[in-house]
Amino acid sequence: MALFLFGVFALLLVIGVPIAIALGMAAFASIWTFTTVDMSIAPQVMFKAVNSFPMMAIPFFILAGNVMSSGGISERLVKFASSLVGSLTGGLAHITVLASMFFAAISGSSPATTAAIGSVMVPAMTERGYDKNFATAVAAAAGTVGVVIPPSIPMVLYAVLAGVSIGRLFLAGFGPGILMGLSMMAVVYFISKREGYVGTGKFSFRDLLVSFKDSFFALLMPIIILGGIYGGIFTPTEAAAVAVVYGVIVGFFVYRELKIKDIPDILYKSAVGTAVIMFLISGANLFGWFLVREMIPQSIAAAMVAVTDNSYVIIFLINILLLILGTFLNTTAAIVLVTPILLPVLLQVGIDPLFMGAVMVVNLAVGMITPPVGLCLFVACNISNITLDAITKSVLPLLLVLIVCIFLISYIPGIVMFLPNLLMP
Numbered sequence: 056m057a058l059f060l061f062g063v064f065a066l067l068l069v070i071g072v073p074i075a076i077a078l079g080m081a082a083f084a085s086i087w088t089f090t091t092v093d094m095s096i097a098p099q100v101m102f103k104a105v106n107s108f109p110m111m112a113i114p115f116f117i118l119a120g121n122v123m124s125s126g127g128i129s130e131r132l133v134k135f136a137s138s139l140v141g142s143l144t145g146g147l148a149h150i151t152v153l154a155s156m157f158f159a160a161i162s163g164s165s166p167a168t169t170a171a172i173g174s175v176m177v178p179a180m181t182e183r184g185y186d187k188n189f190a191t192a193v194a195a196a197a198g199t200v201g202v203v204i205p206p207s208i209p210m211v212l213y214a215v216l217a218g219v220s221i222g223r224l225f226l227a228g229f230g231p232g233i234l235m236g237l238s239m240m241a242v243v244y245f246i247s248k249r250e251g252y253v254g255t256g257k258f259s260f261r262d263l264l265v266s267f268k269d270s271f272f273a274l275l276m277p278i279i280i281l282g283g284i285y286g287g288i289f290t291p292t293e294a295a296a297v298a299v300v301y302g303v304i305v306g307f308f309v310y311r312e313l314k315i316k317d318i319p320d321i322l323y324k325s326a327v328g329t330a331v332i333m334f335l336i337s338g339a340n341l342f343g344w345f346l347v348r349e350m351i352p353q354s355i356a357a358a359m360v361a362v363t364d365n366s367y368v369i370i371f372l373i374n375i376l377l378l379i380l381g382t383f384l385n386t387t388a389a390i391v392l393v394t395p396i397l398l399p400v401l402l403q404v405g406i407d408p409l410f411m412g413a414v415m416v417v418n419l420a421v422g423m424i425t426p427p428v429g430l431c432l433f434v435a436c437n438i439s440n441i442t443l444d445a446i447t448k449s450v451l452p453l454l455l456v457l458i459v460c461i462f463l464i465s466y467i468p469g470i471v472m473f474l475p476n477l478l479m480p
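If you're matching positions, the sequence shown starts at 56 in our numbering and goes up one per residue.
It cannot be assumed that every hint is accurate.
Said to hold, decoys possible - Here are the simulated distance ranges between beta carbons:
hint	residue 1	residue 2	range
1	76	96	16 to 24 angstroms
2	88	478	43 to 51 angstroms
3	96	250	58 to 66 angstroms
4	106	441	38 to 46 angstroms
5	403	257	51 to 59 angstroms
6	458	300	36 to 44 angstroms
7	258	372	42 to 50 angstroms
8	99	355	22 to 30 angstroms
9	318	76	26 to 34 angstroms
Stated by the list, open to error - Within a straight-line C-alpha distance of at most 20 angstroms, the following computed DMTMM-like cross-link-like pairs (lysine to aspartate or glutamate) qualify:
hint	residue 1	residue 2
10	448	250
11	248	186
12	134	182
13	134	312
14	187	444
15	448	186
16	248	182
17	187	250
18	134	262
19	134	269
20	324	312
21	103	93
22	314	130
23	268	312
24	268	130
No lab work stands behind these hints, which were simulated from the structure alone. Built from N, CA and C at the ideal position, the CB exists for glycine as well.
Can you build the whole structure from these sequences, using the hints too?
Given below as structure tokens:
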């Protein structure tokens with residue numbers, strides 16, 4: 056049964072069927088072939104997957120990210136990042152990484168982070184003599200923190216599927232996100248020193264204050280959202296709705312760069328983004344329902360534990376699996392597909408599902424700069440108008456340091472669990 060299910064899914068992917076449809080069709084075919092279940096249950100299972108209050112956070116966070124992206128936020132975050140790290144060797148590349156970390160706390164999406172910051176910084180870097188391939192690679196790699204630093208759409212999805220606290224999982228993302236950002240900045244520094252990329256000028260405390268004042272309302276958004284969640288003022292779903300309202304107020308009345316004519320396009324992008332994710336969730340939930348009904352995850356868990364019950368080895372094997380999946384599955388599809396399979400394994404060997412959720416999101420984020428389905432790579436290449444092959448060499452050092460980060464996060468649990476245990480024990 057498992058071979059048939061995964062075989063049909065793999066075949067459909069190979070012939071170019073979209074992932075959401077491939078998941079649903081593989082599940083339909085398996086249910087029809089191996090069970091006597093009334094097929095009318097399939098649409099009920101698919102609908103149930105998205106018919107939940109926590110899932111409402113996803114469209115609201117997508118809408119909030121699109122509103123903030125259109126309201127002049129990215130340019131202000133870039134200026135603030137420039138005042139902090141622009142004076143360092145390779146200043147513009149450092150600005151790209153730091154601004155992406157700031158924007159990640161607003162958008163919850165890696166491709167959106169790459170698009171927003173990359174569209175500003177890649178042209179700026181190439182104008183200052185940076186190699187275009189290197190500039191594009193930095194923008195793509197920096198975008199990976201978009202789903203790690205909260206709020207994060209994939210984290211919401213994992214939390215719902217695994218039954219863990221969304222608020223605690225958000226807190227678990229800060230340590231890994233900061234580690235990833237600092238690690239990329241270290242690589243950028245050494246490459247820039249070798250290539251002779253200088254800073255943008257001397258550090259100025261006055262410029263820092265001016266840029267902070269200009270970007271204050273953009274920086275305030277994640278504080279309001281996350282502070283509200285951890286202060287018990289509102290739930291993560293309500294926080295997402297608050298983020299939309301805050302973004303509209305800031306865009307229209309504070310920065311005055313959001314116009315009425317922008318609203319239809321923002322709503323359209325948000326609707327399309329939501330539909331894609333919800334369709335994926337529905338198809339993957341039916342896929343997962345068949346897996347659970349036939350006790351396939353339990354069989355996989357038993358097989359893995361039969362090989363070893365050492366949690367360190369299990370974590371290593373899971374990391375390898377997730378890194379491989381991340382090369383050809385997008386983050387949403389991979390989370391919905393893998394979580395029901397891995398959850399019994401985690402529980403059986405005593406690994407905290409919350410901890411593994413953060414590790415999973417980091418793995419799949421790194422997958423976004425790994426060919427052939429490196430979504431952040433495609434977004435960045437589209438900005439620079441270059442081919443994927445052209446930046447493979449430039450992105451490799453950043454990819455390698457992010458893989459090192461994965462294993463540091465996996466084997467030093469405090470990086471993930473310190474804040475959740477401190478603030479939401």
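Hint-by-hint comparison with the structure:
1. Remark: the range hint 16 to 24 angstroms for residue 76 to residue 96 is upheld by a beta-carbon distance near 19 angstroms.
2. Distance hint check for residue 88 and residue 478: the Cβ-Cβ separation is about 49 angstroms, which falls inside the suggested range of 43 to 51 angstroms.
3. Remark: the range hint 58 to 66 angstroms for residue 96 to residue 250 is upheld by a beta-carbon distance near 59 angstroms.
4. The hinted range of 38 to 46 angstroms is satisfied by residue 106 and residue 441, whose Cβ atoms lie roughly 43 angstroms apart.
5. Between residue 403 and residue 257 the CB atoms are about 57 angstroms apart, so this pair conforms to the stated range of 51 to 59 angstroms.
6. Judged by the Cβ atoms, the range 36 to 44 angstroms given for residue 458 and residue 300 holds: they are separated by roughly 39 angstroms.
7. In this structure, residue 258 and residue 372 meet the distance hint of 42 to 50 angstroms, their C-beta atoms being roughly 46 angstroms apart.
8. The given range of 22 to 30 angstroms is respected by residue 99 and residue 355, whose C-beta atoms sit roughly 26 angstroms from each other.
9. Distance hint for residue 318 and residue 76: a CB-CB separation of about 31 angstroms, consistent with the stated range 26 to 34 angstroms.
10. The hinted pair formed by residue 448 and residue 250 meets the criterion: a straight-line CA distance of about 15 angstroms does not exceed 20 angstroms.
11. Taking the CA atoms of residue 248 and residue 186, the gap is near 13 angstroms; set against the 20 angstroms cutoff, the hint holds.
12. Among the hinted pairs, residue 134 with residue 182 is consistent with the structure: their alpha-carbon atoms are about 17 angstroms apart, no more than 20 angstroms.
13. Restraint check for residue 134 and residue 312: satisfied, since their Cα atoms lie roughly 16 angstroms apart, inside the 20 angstroms limit.
14. As the CA atoms of residue 187 and residue 444 are separated by approximately 13 angstroms, the hinted pair is consistent with the 20 angstroms bound.
15. Among the hinted pairs, residue 448 with residue 186 is consistent with the structure: their alpha-carbon atoms are about 12 angstroms apart, no more than 20 angstroms.
16. Restraint check for residue 248 and residue 182: satisfied, since their Cα atoms lie roughly 18 angstroms apart, inside the 20 angstroms limit.
17. Restraint check: the Cα-Cα separation between residue 187 and residue 250 comes to about 13 angstroms, which is no more than 20 angstroms; the hinted pair holds.
18. Under the criterion of a C-alpha separation no larger than 20 angstroms, the hint pairing residue 134 with residue 262 is consistent with the structure, at around 9 angstroms.
19. Restraint check for residue 134 and residue 269: satisfied, since their Cα atoms lie roughly 9 angstroms apart, inside the 20 angstroms limit.
20. Taking the CA atoms of residue 324 and residue 312, the gap is near 18 angstroms; set against the 20 angstroms cutoff, the hint holds.
21. With a CA separation close to 17 angstroms, the supplied pair residue 103 and residue 93 stays within the 20 angstroms bound.
22. At roughly 17 angstroms between alpha-carbon atoms, residue 314 and residue 130 fall within 20 angstroms of each other, so this suggested pair holds.
23. With a C-alpha separation of about 17 angstroms, the suggested pairing of residue 268 with residue 312 holds against the 20 angstroms cut-off.
24. At roughly 13 angstroms between alpha-carbon atoms, residue 268 and residue 130 fall within 20 angstroms of each other, so this suggested pair holds.
Figure legend: structure checked against the earlier numbered hints; every hint is met.
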